[in-house]
Amino acid sequence: MRVNGLEVEPVIGLEVHVQLATRTKLWCGCPLEFGAEPNSRVCPVCLGLPGALPVLNRQAVEHAVRTAVALNCQVAGFTKWDRKSYFYPDLPKNYQISQYDLPLASGGVFEFPIDHRFARVRLIRAHLEEDAGKNVHDFPGFTGVDLNRTGTPLLEIVTEPDLHSAEECREFAVQLQRLVHYLGVSQANMQMGHIRFEPNINVIIHADGREHRTPIVEVKNLNSFRSLHGAVAYEINRQVEAWQADGVTAASGNKSNRGWDDEREVTVPQREKEEAHDYRYFPDPDLVPLTIDAAWVAELKEHTPELPICRTERFISEYKVPAKDAPALVDDRATADLLDHAAEAGGDKATLAKHFLSFWARRANERGQTVAGLGVPAGHLAELATLQASRKINATAAAQVADALLGRRDAAGATTPSPAKLAKELGLLQSRDEDQIAGWVNEVLTKNEKAVQDAISNPKKLQASRGFLVGQVMKLSGGQADPKIVGELIGKRLGEIAGGR
Amino acid sequence: MAEIPTAAHVAAEIAGGRRKAVDVCAGALRRIEAADGQVRAFLETLPEDALDRAARLDADLAAGKPVGPLAGVPIAIKDNICTTAGHTTCASKILAGYVSPYDATVVERILAAGGVIVGKTNLDEFAMGSSTENSGRFVTRNPWAADRVPGGSSGGSAAAVAAGLVPLALGSDTGGSIRQPASFCGVVGVKPTYGRVSRYGLVAYGSSLDQVGPLAANVQDAALLLGVIAGRDPRDSTSVAEPVPDYVAELADERLEARAGRLRIGIPREYFGAGLDEETRAAVEAALAVYRRLGAKTVEVSLPHTPYAIATYYLVATAEASSNLARYDGVHYGHRTAHPHDLFDLYSASRSEGFGAEVKRRIMLGTFALSAGYYDAYYNKALRVRRLIKDDFDRVLTQCDVIAGPTAPTPAFRLGEKLADPLQMYLADIYTIAANLAGIPALSIPCGFSAAGLPIGLQLMGPLFGEALLLQAARLYERETDWHTRRPSMGREA
Ligand SMILES: [Zn+2]
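From first to last, the protein sequence lines stand for chains A and B. The first sequence begins at 1 in the working numbering and counts up by one. The second sequence begins at 1001 in the working numbering and counts up by one.
Careful: at least some of the hints might be erroneous.
[Said to hold, decoys possible] Capping the alpha-carbon separation at 25 Å, the derived lysine-lysine pairs in BS3-like fashion look like this:
(1) K1418(B) <-> K1093(B)
(2) K1381(B) <-> K84(A)
(3) K392(A) <-> K421(A)
(4) K301(A) <-> K324(A)
(5) K460(A) <-> K447(A)
(6) K80(A) <-> K1381(B)
(7) K1360(B) <-> K84(A)
(8) K392(A) <-> K492(A)
(9) K421(A) <-> K447(A)
(10) K421(A) <-> K460(A)
(11) K1390(B) <-> K80(A)
(12) K320(A) <-> K349(A)
[Said to hold, decoys possible] Listed next, with one range per pair, are the computed distances between beta-carbon atoms:
(13) A1096(B) <-> K220(A): 33 to 43 Å
(14) R1486(B) <-> N135(A): 30 to 40 Å
(15) A323(A) <-> F1344(B): 47 to 57 Å
(16) A1377(B) <-> T143(A): 33 to 43 Å
(17) E1417(B) <-> D278(A): 33 to 43 Å
(18) H341(A) <-> D1394(B): 51 to 61 Å
(19) A1420(B) <-> D278(A): 30 to 40 Å
(20) N254(A) <-> F1344(B): 16 to 26 Å
(21) E33(A) <-> P1234(B): 16 to 26 Å
[Claimed, not checked] To be clear about the criterion: a stretch of chain A counts as covered by chain B if any three or more of its residues have a C-beta under 8 Å from a C-beta of chain B, and this derived list gives those stretches:
(22) 40-50
(23) 76-87
(24) 93-99
(25) 282-288
None of these hints come from the bench; they were simulated from the model. Don't be surprised by glycine CBs; every beta carbon is placed ideally from N, CA and C.
Whole structure, please, built from the sequences with the hints as guidance.
Here it is in structure tokens:
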């Protein structure tokens, strides 16, 4: 890309922290609750009180392994826990239990579509660690510490510097958020800070026939797609301008940290520590190393659901869904599963997808639900789609049957009649009986001589008159006549009348 | 002289309705009141809580409810073990006034077994020391000689039992902190296998070495208390789900007869070299002669990596300590400096004021050992040597059932004698440290007295989870001798 008249190549790696959706914390039984009264979800373990010891939450390991296999990582058979030491008030033990040299997972690759191609980002590693608490600065003269978040399980995912623009970073983040949400390993709620990003950014500048690399900057703690995009875009420009001004390039030790000012939309230097951080990692003697059974990993891999990106592609081709509508079908996993189940139950795929995107989506919206949350069985969805696809009912009637289905279910609170029975009850079944339809057609043609004459003798009015006559037949039949057969029969009769019979 | 009633006897009398728990408890509190002014074993007594618990026990007994094996036995707890009753300070200024909101697992188990906790005992600050002189509060004296140390770091617990103030006490042992004071005070002290007893609620010093264990006046009482506290605890990931034998039943006479003739005792030559006091050597050799007389075989063995044990220990333990003690920072609990001018000062001044010299020395040593650029040369190398020391024991324990030797190189030294020279002080643990590094169980029992009337201890070490075997071997010797029945004049009720 070009920035300030220079040919430049941004080089960006991401560290992503994903909060795992376990019921309790990583090392104790305290519940994970957002927005609880400060320091009300704590115990001796997560407060780091003297004598307290951590005990591993197995659910966190399972979530981490599920994510790792979905990202094509190699899951370690043997992994361990290390203490990372630094003093900070929101870290009650003054060390964080993390994983240093033997992470739970390594390698891996994540591919996602962008600009009609697939971007490929290699992953370095993924490991489990505990979150810290929060310093609370809204007191005059002193700082408070809320330790409710302390000990929350985080999966840290580190990528190779394979991203090359702010747009790529944002799309990676969006797709990763969809993925972890899909896997059910994280609530992935951005507002609640469930996913946080820390991009490492520098720029290769091509000038004077050489490559100049700007110093690496890590932007800390970005918790929205917008701020990630904004910070990366800002840094690329800032670094190019800085190089133009001072010519300083990357050298060992000049990596720096910056923060993102969400209001001014600029990155700002963070106060550097007086000395280089030495975290003094060493194995946590309070915990035993973890051996992970390869058969269990294989089983989790086996049960990995089809991931959102693949599913989107498949829905577009299989269900003939417009690309722009596909996410609406894919993003809620239960709804996407329901669509597949309905198709397996014999429902016409294209019709099913149309139903999901139209009246089912509308009714779900009205009820603050997902389509799956409406609770209509896959068999009924399939049957309704088949009724329409085989022209036993029309699209309007299908929506009416759907409403009747929901209405009955709400009233009875139990099983409802099948869509076919309902359609019949409501008189919505289309007639395909040609004799019956011919009777309706004859009646209408007899009653509407003017329109018949227009259709026969005035080519300009042919289209409109035929449409009018079809409408009259449909009206006479109470909507039951198959419009296609009506159209055919009217054409045929008009031909006969014109031919003098 | 009248023998102090054993804990087992006291529990039986109370359970049988012949004595009231309240009277026994009041008696113990009275003895402490009368005699602890000289010994200074206790940092704090808990009369209200103890008497209340004893009264409830009496009420349970009157109501015909079942009571546990420690029914009404007064017990002292080292002050680095968390109790909701009273304070838990580790004898450190930095935890002055600290009250634990929870009981350690060992405390829960003692209370569930009917034990009555009468007080918290003195120790070297955070269990760092071998004389209890590093206490941030005051010095505890050896009941056998007021100018001598009781050993450490569980000096308060050992002195309390030796002075007859309580029949049982809990200590913790990271490098000899139960066995060495047991030896200095003439009582029985057991360091269990690493993982045998839960560490939940033991304030960590060297987490991979620390174990809680009993101090008692005799082997049977030590077995009784060990049986109560041992076993897997879901709150301690490093505790092990190995079944807990009935240690007291293992000491029945017929079990001992069966053991005596089959016992092979390994005598490590490295434990009888330079630096071993001659009276101690003589007492230990006399003890080995007793075993031979009982039909046991003694074999000379070698633990070649013994010379590296102290250096290894002071890297592993201090590295872990530097991290374990990082939490005492003046932010969340414990001592906070009065007027910090910024966050760094809050940390720095609170810790400078709160920690004693030896604790600071060990934090600095451990921090250094873990620092980038030194980690491999020190911490990592220490882990490799630790492995070699463990291999020594694995090999030797195929040639013998237990390993015997002196617990400490000398009897109790004088107060102040080694304070100025930490390295001399560290040598007091030269024979005890290896068992912690290897994770194996070990105990100390009285095996004689020096000419000056100071107790001498015999150390027995055994295979992983071989506590029953060690207790049997110890009891075999104890049955033949009367060392354990002797009591110092100091601390006795007037
Ligand atoms: Zn907790």
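Tested hints:
1. K1418(B) <-> K1093(B): holds (22 Å)
2. K1381(B) <-> K84(A): holds (20 Å)
3. K392(A) <-> K421(A): holds (12 Å)
4. K301(A) <-> K324(A): violated (30 Å)
5. K460(A) <-> K447(A): holds (22 Å)
6. K80(A) <-> K1381(B): holds (19 Å)
7. K1360(B) <-> K84(A): The hint holds at about 20 Å.
8. K392(A) <-> K492(A): OK: K392(A) and K492(A) at ~23 Å, within 25 Å.
9. K421(A) <-> K447(A): Violated, because 34 Å separates the two Cα atoms, which is more than 25 Å.
10. K421(A) <-> K460(A): violated (43 Å)
11. K1390(B) <-> K80(A): Judged against 25 Å, a Cα distance of about 21 Å means the pair holds.
12. K320(A) <-> K349(A): holds (8 Å)
13. A1096(B) <-> K220(A): 33 to 43 Å: holds (38 Å)
14. R1486(B) <-> N135(A): 30 to 40 Å: Because 59 Å falls outside the window, the suggested range is violated.
15. A323(A) <-> F1344(B): 47 to 57 Å: Because 56 Å falls inside the window, the suggested range holds.
16. A1377(B) <-> T143(A): 33 to 43 Å: holds (39 Å)
17. E1417(B) <-> D278(A): 33 to 43 Å: holds (38 Å)
18. H341(A) <-> D1394(B): 51 to 61 Å: Taking Cβ atoms as reference, H341(A) and D1394(B) lie about 59 Å apart, which means the hint holds.
19. A1420(B) <-> D278(A): 30 to 40 Å: This hint holds: roughly 32 Å between Cβ atoms.
20. N254(A) <-> F1344(B): 16 to 26 Å: Since N254(A) and F1344(B) have Cβ atoms about 24 Å apart, the given range 16 to 26 Å holds.
21. E33(A) <-> P1234(B): 16 to 26 Å: At 23 Å between Cβs, range holds.
22. 40-50: holds (count 5)
23. 76-87: holds (count 3)
24. 93-99: holds (count 3)
25. 282-288: holds (count 5)
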